[in-house]
Every structure is written in structure tokens, then in C-alpha cells.
Amino acid sequence: MEIVKAVTCPVCGSLCDDIEVVMENGKIVDVRNACAAGAAKFLNYNCEHRILKPLIRKNGEFVEVSLDEAIRKAAEILANASYPILYGWSSTSCEAVRVGLELAEEIGGVIDNTSTVCHGPSILSIQDVGIPSCTLGQIRHRADLVVYWGSNPWSAHPRHIERYTAFSEGRFQKSTWRRYLAKIRALIAKKKLERAFKRIFFKREISVPPHLRYEPPPFLERKERKLIVIDVRRTKSAEIADYFIKVEPGKDYELLQALRMLIRDQEIETDKVAGVPVEYLEEVADVMVNCDFGILFFGVGLTMSGAKMRNIDAAICLTRDLNMRTKFVIMPMRGHFNVTGANVVSTWQTGYPFAVDFSLGYPRYNPGETSVVDILLRGESDASLIIASDPASSFPKKAVEHLAKTPLIVIDPHMNVTAQIADVVIPSAFVGIEAEGTAYRMDHVPLPLKKIVEPPEGILPDEEIVRRILVEVRRLKGIGGS
Amino acid sequence: MEILIKNGFVFDPINHINGERMDIAIRNGKIVDSVDESSAKVINASGMIVMPGGVDIHAHIAGSEVNAGRLLRPEDHAKDVEPKTPITRSGVGYSIPSTFTTGYRYSRMGYTTVMNPSMPPLEAKHTHEELSDTPIIDKATFPLLGDWWFALEYLSRGQIEECAKHIAWMITSTKGYAIKIVNPGGLESWGFGKNVESLDTEVPYFNITPREIIRGLCKVNKMLNLPHTIHVHTNNLGKPGNFATCLETMKCVEDLAVDEKPVIHITHCQFCAFKGEDWRTMSSGAEEIAKYVNNRSHVTLDMGQVIFTDTTTMTADGPFQYTLYELSGNKWVNHDVETETSSGIVPFHYRRKSYVHAVQWTIGLELALLIKDTWKIYMTTDHPNGGPFTSYPRIIAWLMSSQARKETLKKVNPRARSKSLLPTIDRELDFYEIAIMTRVGQAKALGLKEKGHLGVGADADVAIYKINPELTDPSKDYKLVRKAFERAAYTIKSGEIVVKDGEVVKHVEGATIWLKIKTSSPIEVSEDIKRRFREYWTVEYENYPVSEKYLAISNPKEVEASI
Ligand code: SF4
Ligand SMILES: [Zn+2]
Chain A
1 MEIVKAVTCP
11 VCGSLCDDIE
21 VVMENGKIVD
31 VRNACAAGAA
41 KFLNYNCEHR
51 ILKPLIRKNG
61 EFVEVSLDEA
71 IRKAAEILAN
81 ASYPILYGWS
91 STSCEAVRVG
101 LELAEEIGGV
111 IDNTSTVCHG
121 PSILSIQDVG
131 IPSCTLGQIR
141 HRADLVVYWG
151 SNPWSAHPRH
161 IERYTAFSEG
171 RFQKSTWRRY
181 LAKIRALIAK
191 KKLERAFKRI
201 FFKREISVPP
211 HLRYEPPPFL
221 ERKERKLIVI
231 DVRRTKSAEI
241 ADYFIKVEPG
251 KDYELLQALR
261 MLIRDQEIET
271 DKVAGVPVEY
281 LEEVADVMVN
291 CDFGILFFGV
301 GLTMSGAKMR
311 NIDAAICLTR
321 DLNMRTKFVI
331 MPMRGHFNVT
341 GANVVSTWQT
351 GYPFAVDFSL
361 GYPRYNPGET
371 SVVDILLRGE
381 SDASLIIASD
391 PASSFPKKAV
401 EHLAKTPLIV
411 IDPHMNVTAQ
421 IADVVIPSAF
431 VGIEAEGTAY
441 RMDHVPLPLK
451 KIVEPPEGIL
461 PDEEIVRRIL
471 VEVRRLKGIG
481 GS
Chain B
1 MEILIKNGFV
11 FDPINHINGE
21 RMDIAIRNGK
31 IVDSVDESSA
41 KVINASGMIV
51 MPGGVDIHAH
61 IAGSEVNAGR
71 LLRPEDHAKD
81 VEPKTPITRS
91 GVGYSIPSTF
101 TTGYRYSRMG
111 YTTVMNPSMP
121 PLEAKHTHEE
131 LSDTPIIDKA
141 TFPLLGDWWF
151 ALEYLSRGQI
161 EECAKHIAWM
171 ITSTKGYAIK
181 IVNPGGLESW
191 GFGKNVESLD
201 TEVPYFNITP
211 REIIRGLCKV
221 NKMLNLPHTI
231 HVHTNNLGKP
241 GNFATCLETM
251 KCVEDLAVDE
261 KPVIHITHCQ
271 FCAFKGEDWR
281 TMSSGAEEIA
291 KYVNNRSHVT
301 LDMGQVIFTD
311 TTTMTADGPF
321 QYTLYELSGN
331 KWVNHDVETE
341 TSSGIVPFHY
351 RRKSYVHAVQ
361 WTIGLELALL
371 IKDTWKIYMT
381 TDHPNGGPFT
391 SYPRIIAWLM
401 SSQARKETLK
411 KVNPRARSKS
421 LLPTIDRELD
431 FYEIAIMTRV
441 GQAKALGLKE
451 KGHLGVGADA
461 DVAIYKINPE
471 LTDPSKDYKL
481 VRKAFERAAY
491 TIKSGEIVVK
501 DGEVVKHVEG
511 ATIWLKIKTS
521 SPIEVSEDIK
531 RRFREYWTVE
541 YENYPVSEKY
551 LAISNPKEVE
561 ASI
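Chains as they are written, first to last, in this note's numbering: chain A, 1 to 482; chain B, 1 to 563.
Hints are computed from structural coordinates only; laboratory data are not their basis. One thing to keep in mind: the hints can contain errors.
Distance windows between CB atoms, simulated [what the hints assert, rightly or not]:
{"id": "1", "chain 1": "B", "residue 1": "N44", "chain 2": "A", "residue 2": "Y83", "range": "45 to 51 angstroms"}
{"id": "2", "chain 1": "B", "residue 1": "E162", "chain 2": "A", "residue 2": "E20", "range": "27 to 33 angstroms"}
{"id": "3", "chain 1": "B", "residue 1": "E558", "chain 2": "A", "residue 2": "Y83", "range": "48 to 54 angstroms"}
{"id": "4", "chain 1": "A", "residue 1": "M304", "chain 2": "B", "residue 2": "T85", "range": "37 to 43 angstroms"}
{"id": "5", "chain 1": "B", "residue 1": "R351", "chain 2": "A", "residue 2": "E282", "range": "39 to 45 angstroms"}
{"id": "6", "chain 1": "A", "residue 1": "N366", "chain 2": "B", "residue 2": "D501", "range": "33 to 39 angstroms"}
Calculated Cβ distances over 10 angstroms to all of chain A for the following chain B residues [claimed, not checked]:
{"id": "7", "residue": "S38"}
{"id": "8", "residue": "D259"}
{"id": "9", "residue": "S354"}
{"id": "10", "residue": "E428"}
{"id": "11", "residue": "E450"}
{"id": "12", "residue": "G455"}
{"id": "13", "residue": "E503"}
{"id": "14", "residue": "K518"}
Quick caveat: nothing in here was measured; it's all calculated off a predicted structure. Glycine is no exception: its CB is placed at the ideal position from the N, C-alpha and C atoms.
Given these sequences and hints, build the entire structure.
Following this line, the structure appears as C-alpha cells:
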């Protein structure tokens with residue numbers, strides 16, 4: 001038995017890097033410290049949907065081919081296209097994204113990542129007004145107020161609360177998990193509680209984090225951490241909150257504006273805003289103003305509902321307003337484990353985080369025009385490469401139709417819905433398990449992804465596959481060199 | 001490959017060569033005595049200036065804050081694009097160019113080495129990934145260490161050796177090059193939205209003052225025998241009256257100097273040379289600072305010159321950036337990094353007609369001209385804070401020609417003009433002095449022994465500019481000077497011709513220079529330190545260091561510490 005320590009979990013944007021993987025005979029037999037979702041990935045990644053051979057559609061049927069043939073076919077499709085799209089990139093390594101950008105530039109295509117359909121509005125808002133933010137450790141050490149808005153970390157980022165926010169322990173903040181435990185005990189039946197906690201915490205030995213080596217003087221102990229959850233429904237996360245605001249669906253913008261008014265000590269005439277009594281909002285606004293360090297996490301519940309981008313504008317402005325009274329920061333809860341990395345790499349190479357169009361020979365960016373969904377809806381692209389993503393299961397029907405109509409290359413470990421309608425399918429290794437690389441946590445902290453096991457025979461990492469396609473494209477175009 | 005640069009006017013101050021007509025020979029990336037003329041590639045440099053490649057001691061070109069600036073400013077990029085060519089990658093400008101464009105634009109001006117002065121250690125991999133995507137130029141990066149909890153704790157307890165060991169570990173594991181200190185104590189305070197007011201304000205919860213941090217790290221720097229001095233962005237940056245803080249900062253390490261050697265570098269000095277009580281009465285403190293520096297030898301500085309243009313400000317100084325945001329009402333990014341540092345970004349437009357901006361413009365030039373010894377002050381804009389690095393040729397013109405300065409002075413805010421010393425300063429720098437301020441002095445201050453000169457054994461990083469010092473009077477023909485420095489006739493990097501007539505003719509990778517510091521008893525990586533690590537940061541000890549594979553070309557320099 002061998003234990004690989006400090007493994008980064010390639011599942012969600014929390015990017016926990018304290019995972020321990022137990023190996024026997026070159027196989028993963030157990031996983032420690034991960035949540036259920038993380039553990040499932042390490043234990044079950046090699047499931048039956050795995051593709052093990054490159055496939056090319058011939059006369060409507062998939063035929064197994066050699067890797068070289070699949071690469072050649074993919075390169076031909078891309079080299080002959082006049083407006084190809086390259087989409088996905090959020091569940092792969094930064095190294096793969098780097099090569100992807102080079103490929104997109106070489107073929108004059110459009111490269112876009114999944115932020116276009118999740119946190120796109122957040123990015124547009126940041127470009128409008130900026131963003132006061134920080135790394136997650138800053139929250140762990142300092143935040144005495146944590147707000148989750150339109151996100152349910154309990155199920156989407158299961159260890160977020162434990163590692164970085166309410167239940168974590170930092171220099172200036174004690175963990176509040178005992179308090180919550182007591183509270184929940186009173187609230188929920190004992191059985192239900194135990195089940196919930198077993199899943200999240202008791203799986204590893206429960207560790208009240210050890211005290212700091214240099215015991216901070218008593219004056220360091222600040223106010224008790226408080227947790228506010230704002231959502232359209234009472235989620236698991238809401239149950240452990242000190243304040244829960246149930247906002248009417250699509251009314252987040254009104255609620256944000258009301259909070260902004262209250263924070264600036266303005267009166268609100270009505271009794272209720274977005275279905276919430278104003279008195280309650282006043283109490284919440286007080287808590288916000290009186291904290292020493294507050295953080296607002298927001299999820300797709302805010303970016304993809306109602307006023308979308310205006311929601312985020314308002315949320316950031318709320319945070320800016322709060323900075324006139326105290327310290328307050330804000331952070332999007334990014335879903336895919338490396339969607340942040342996809343944005344980061346795209347930005348340093350092209351200046352833009354997603355939806356980058358190289359058709360004029362230089363990077364151009366105009367979401368709504370150069371974003372892949374819109375290109376597909378307008379039926380403008382004439383070939384596609386989809387990598388580490390399954391747009392056919394999430395894009396609008398009309399977009400998927402166009403995707404299927406034009407030559408389609410899929411690079412993925414799984415036979416997902418998009419792969420099923422593809423013309424060329426190239427199986428890839430799981431980065432973070434079978435291949436190494438780099439990923440960026442939701443707060444932009446880069447972390448190494450490890451290679452723990454060998455991929456199946458003949459299966460390459462995304463980075464390598466894309467590089468081979470690029471080399472082949474250049475060969476077809478008569479350009480030498482790398 | 002062998003190259004022979006024939007007949008150029010060579011400016012090589014380290015070897016005391018001042019515009020002599022001579023040949024420079026290159027073999028295998030190094031300057032050599034001679035090469036075989038019949039087989040070497042011969043560059044006819046007659047009527048041209050030959051200098052060592054440009055060295056920039058302070059420009060924000062890579063890493064999380066720079067990239068956040070890029071993300072923040074699509075409007076900055078759309079107006080300045082670089083299409084792909086058969087040789088070069090595409091990209092965008094203007095104030096925060098994408099990585100490829102950054103490398104190309106520097107090399108087109110004859111620059112071959114750039115220091116990236118602010119790296120949050122926790123995000124070091126990001127910085128290095130970007131640096132590796134920045135072609136042609138060599139680079140190094142400075143980890144931000146002035147507010148690092150480990151350092152503050154050891155220094156406050158007087159455990160200076162313990163502190164030094166940890167700093168050595170940190171610089172080596174983040175592949176850094178120098179100790180960067182930004183608003184010491186202020187960044188930790190900013191964690192709770194506060195700042196420190198003076199060198200003697202106590203940092204909340206840490207029982208230490210900025211003065212003690214600066215002195216402590218200055219001693220650490222000496223113990224570790226680092227090639228550069230501590231690199232300091234002072235407290236109170238960007239505030240009227242801060243020239244006093246700047247003087248205090250320089251004074252506070254005066255006694256630590258030995259043998260007249262510099263022990264502190266004050267960066268972008270323009271931003272901490274303001275007199276006055278508030279923005280209305282704000283004026284230049286350049287004269288006082290120059291007077292102090294002229295009588296001392298323990299300090300070097302860089303200008304942080306302001307250019308009248310639209311740019312993007314970015315520093316690790318979170319509270320300063322917040323003030324800029326409040327002043328300008330522009331969009332604002334803040335990014336605090338656990339246990340280490342903070343940062344902020346605000347777009348900014350320096351306007352000729354603004355009193356304050358015009359005063360800032362005069363301060364940078366006054367500093368450069370009033371400080372007599374060009375080995376002490378170097379040309380920077382604190383890119384992109386004072387303006388993009390592509391404005392350097394314009395600054396060269398101002399430094400070489402009082403007429404060029406007068407032309408600009410005519411157009412600036414009249415109150416600023418009438419209060420400034422600048423119109424009375426006649427000093428005009430010559431090419432020898434320009435070589436010192438734009439490369440040679442910088443290489444020396446950085447301790448880069450193979451750079452900044454053209455002696456045998458030096459790196460073959462050479463810039464050739466199409467201007468004839470015998471026929472041109474820079475004082476009058478400053479526009480020609482500016483043009484020549486904008487587009488190098490040739491840039492040679494590690495012995496390869498990468499630029500010809502201002503265009504990139506070859507894409508090569510540049511190296512990342514970093515320090516491998518050897519201490520006699522390095523810190524022990526015990527379970528205890530790993531646990532402490534886990535408490536301070538949200539990442540595991542094993543995942544913190546930057547491995548060499550993040551560097552396109554790795555160029556480690558071994559340093560033998562005295563502890
Ligand atoms: S919270 Fe996310 S990153 Fe952490 S273990 Fe669970 S799935 Fe993995
Ligand atoms: Zn700077």
C-alpha cells in the first residue's frame with residue numbers, strides 16, 4: 001500500500017489540494033479527505049463510458065482508427081475550415097489551454113470556454129466596474145461574515161465551508177462548527193444530522209484544526225463568524241446559516257438595490273422587497289456594515305437568473321459601497337475545477353478571458369458576437385473542436401443542431417452526448433489523475449495537478465493531443481517548425 | 001553562430017568606452033575577443049550606436065495583478081493590436097500588453113532583460129507561467145516579502161537568522177531574485193481595511209513597525225549576500241507630503257551600509273517625492289531627495305516617470321490603489337493574498353492640464369536631472385503605473401534635450417509649470433549617461449555580472465541604434481533620437497539577431513534568472529513546519545514551490561549566504 005499525499009482534486013473550483021490517494025498495485029483503492037464528489041471521481045473515473053480507441057465516423061458509423069489517423073483527420077477538418085470554433089477547456093490543464101490558443105490562432109478560429117455559459121456575466125461586470133476580492137485563506141483568517149448568494153456550496157462545492165469559510169479556523173477567527181452543530185442538533189432530528197455530517201466531515205477524522213503554533217494574544221479573538229445565505233429555496237447551506245433570505249425568483253436585483261440603499265442609510269418605503277420583509281433586510285444590512293471583514297460569494301443562481309449581468313454589477317457595487325464602511329470582498333463560485341485557469345491563460349496570451357476570435361489574425365473579443373453559442377445560433381462556424389466539455393447536453397437545441405451539421409471533433413475521456421454526434425472522437429487521459437498539469441482555484445491560486453496512475457494504453461493527455469493536431473495542421477499548411 | 005558588429009560607436013561604461021569606434025565579436029551567445037570575419041555574420045554598424053541590451057529594473061509585465069489588469073481593460077486592447085506573422089504570435093497592447101507582445105515590444109526597443117518587481121509568492125507559478133510565455137527577453141521576478149507573516153513574526157521577536165533562513169527558502173522555492181518590500185506593514189493592515197501612517201506606526205497584531213521591517217530585511221539581504229539590495233516601495237506612496245517618508249526610509253538603513261555600497265533601492269521615486277499638505281498644495285520634493293542622494297552612496301533609485309496618456313495603475317499597495325479609486329471613481333480591482341500581500345488595479349489617465357499630473361511629470365525628470373550621478377538613478381515608468389514601457393524613447397528625448405522638455409512644458413498646466421524647477425535645469429544627458437540610466441547602471445544595481453556591458457565573457461545581448469553621435473546633436477535633433485530608440489536597428493539576444501530595423505525577425509525564448517540560495521543550515525522541513533504552513537496558507541506545503549518545469553529556460557544563480 002502506498003499513499004500519495006497533497007493531491008489536488010480535479011472536480012470543482014474549490015480545488016482542495018490535501019487529498020490523499022491510497023494505491024495498491026498501481027490502482028487507486030481509497031481516497032482520504034475528499035468529499036463524496038471528489039472521492040467518486042478518483043475511485044470511479046475509469047467507468048464503462050470510457051472511450052479507449054479513437055473513432056472516425058465513416059458512412060454514418062463509428063469506426064475504430066489509429067491515433068495518427070484520427071489526428072490527421074482532425075487536422076484536415078480544422079485546416080480546411082474558414083471559421084472553426086474551439087470550445088470547452090474548463091476541465092483540462094492550463095498547459096492544454098496554452099496549446100489550444102496557439103491552434104486557434106494558427107487556424108484563424110474562435111476559442112471559447114465554458115464561462116460563456118456560467119460566469120460570463122460576472123466577467124463582463126468585472127470589466128465594467130472591477131472587483132474587490134482576495135484569496136480564500138484571507139477569508140479563513142479574517143472573515144467574520146460570510147454570505148453565499150445564489151450558490152449552494154453544501155452540494156456544489158462540498159468542502160468550501162469547511163476549508164475556507166465558516167467551519168475553517170484562521171489566525172483571527174475560530175471555527176464556528178461547534179456552534180452550528182449545537183444549533184442544528186436543535187433544529188433537525190438527530191439521525192438526519194448524523195447522516196449529513198458523516199458525509200461531509202466524519203469521513204476523515206474530524207479535526208478541530210490545531211491551534212496556531214504561536215498562540216495569538218487574546219485580543220486577536222474577534223467577533224463570532226456569521227453566515228448569511230440568500231437563495232430562491234431553502235438549501236442545505238441555508239439550514240446552517242445564521243440568516244437565510246428567501247428571495248423571490250428573478251428578484252435578486254431588487255434585493256441587491258434595497259441592500260445598497262440600506263447600507264447608505266436610505267429609507268425604503270415598502271414593507272417587502274423581493275418577498276422579504278424590509279425589517280429583516282435592515283437587520284442583515286446592519287450585520288454587513290458592522291462586520292470587520294465580509295465576503296460575498298455568488299453562484300450561477302445570481303449570474304444566470306433575472307437581470308444576469310446587472311445582478312453582478314449591483315453585487316459588486318454593493319461590495320464597493322460596503323468598503324466605505326468596512327472591509328468587504330466578493331468572489332464568484334466557479335464550478336469546473338479549471339474554468340478560472342482557462343480564463344487566466346486566455347487573458348495573458350490574448351488580453352481576453354473567453355470568446356476570442358482570431359479570424360482577423362489578432363485577438364478580438366465581443367461576447368454576444370464572438371461567443372461560441374452565438375456563432376452556432378447564427379450558423380456561422382464550419383467546423384468545431386470540443387474538448388473536455390459536453391455542450392450538446394447543455395447548449396440550446398438550435399446551436400446543437402449546427403454543431404452536428406458541421407464537421408465535429410471531440411476530445412474527451414468519455415463517450416458523452418457531444419461525442420455521440422461527432423465525426424472524430426479522440427479519447428484523452430484524465431488530467432489530475434492520469435496526467436499532470438496546472439489548474440487555478442476559484443481565487444486564482446495556481447495548483448499543480450498530479451499524475452497518479454498510468455492512462456490506458458495509447459491514450460494521451462489533452463495537451464499532447466492538441467499539440468499533435470497543431471503540428472499536423474502546420475504540416476498541411478506547409479509551415480515547418482514546432 | 002558568430003557575429004561581428006563592425007565600426008559602431010560603442011558605449012560601454014563599465015569598460016569605460018565612450019563612443020569609440022570599434023568592433024564587437026560574438027560567439028555562442030557570449031562576447032568574445034574576435035571572430036573569423038570571413039565566416040561570421042557581419043553587421044555594418046558604421047554611423048550607429050552600439051550598447052549593451054537594455055535592462056529594466058522595474059516593470060510589471062507578468063503575474064496575477066498584471067493579468068487582472070488585462071482582464072479589466074478590453075478597451076485598452078482593442079485600440080492596439082498585433083496581428084500574427086509567420087514569425088511572431090499575435091497579441092494586444094496598450095498599457096498592459098499580452099505576454100508575447102510584451103517580449104516583442106521590449107526587444108524592438110533594444111531591451112533584453114526585464115525585472116518583474118512584484119510577485120505574490122503564493123501565486124508564483126502564475127508569474128512564471130506568464131514569464132515563460134514572454135519571448136526573447138531574459139527576466140527575473142521579486143517575491144513580495146515585506147508583509148509576510150513568517151518574516152513579521154521572526155523580526156518582531158528579533159530572530160533575524162531564522163528570518164533569513166525562511167527568506168532564503170522562499171526566494172529559492174518561488175524562483176525569485178530579490179526581496180521586494182511594498183508599503184511595509186501597510187499591506188497586512190489592509191487585510192482589515194487599514195493602513196500604516198509612518199515608519200513608526202505599529203502594525204496591528206504584529207508588534208512591529210515599518211522601520212523594523214525595512215531594517216530587518218535589509219540585514220537579511222546582507223546575510224544572504226543577495227546580488228540586488230532590498231527593493232522598496234515606500235509607505236505613504238502617492239500622498240502629498242510623502243517625500244519626508246521617502247527620506248526617512250533612506251535614512252533608516254544608512255548605518256547598515258559598508259564600503260559605500262548601496263543597501264536599498266527606492267523604486268518609482270517620483271510617486272514618493274510629493275511635498276505639500278493636500279492635493280491643492282502638492283508640489284515637488286525632488287530637490288530635497290536629490291540633495292540627500294547626492295551626498296550618500298547607500299541608495300539607488302528609479303524614476304517612475306509619468307507620461308501623459310491613458311494607462312493602468314497596479315501595485316501590491318492595496319490601500320494606495322483604493323485611494324486612487326476613490327480619487328478617480330474609475331473601476332477598481334483589489335486582490336489580497338493570504339499571509340503575504342495585497343494588490344490593486346485602477347485605470348488612470350494622466351492629463352497635461354491637470355495640476356497634480358503635471359507636477360508628477362516634472363518630479364520624475366527633476367529627480368533624474370538633479371541627481372548628479374547617473375549610476376544612482378535609472379529610467380523607468382514603473383510600467384504601467386506611470387505609463388507603458390513603450391514610452392521610454394520619449395523620456396530619453398526629454399533627458400537629452402532641454403528643448404524637448406520645453407516643448408512639453410509649454411503644454412502642461414501653467415500653475416505646475418510656474419512652480420517647477422524644471423524650466424531652470426539646463427542639464428542634458430549624453431549617450432554615455434543614457435546607456436547608464438537605461439541598462440548599465442540597472443545591471444550593476446541588480447548584480448547581473450554578465451549583463452550591462454560588452455566586455456569579453458558578457459552575455460551577447462546587444463542593441464544597435466541608427467543614430468550617429470558625431471553628426472547628431474540630441475539637444476536639437478531629439479526627435480531623431482526618440483525614433484532611433486523606438487526601433488532598434490538590430491537587437492541581438494544571446495548571440496542571435498532577433499530584431500532588425502525595428503521588426504522582430506526571430507522568435508526565441510528568454511531565460512528566467514533566479515537565485516539558489518545556500519545557507520549552512522537551511523530550514524528543516526519537519527511535520528511541524530508543514531502543519532504551520534497548512535495553518536497559514538490554504539495550500540499544502542508540497543504544492544507551494546515552483547518547479548523548474550514552469551520556466552521556459554531556467555537560469556539559476558547560486559548564492560552562498562553567510563549564515
Ligand atoms: S470540494 Fe470540490 S475540490 Fe474539494 S474534494 Fe470536493 S469536489 Fe474535490
Ligand atoms: Zn511598481
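*Violations among the numbered hints, reported as their numbers in ascending order*: none
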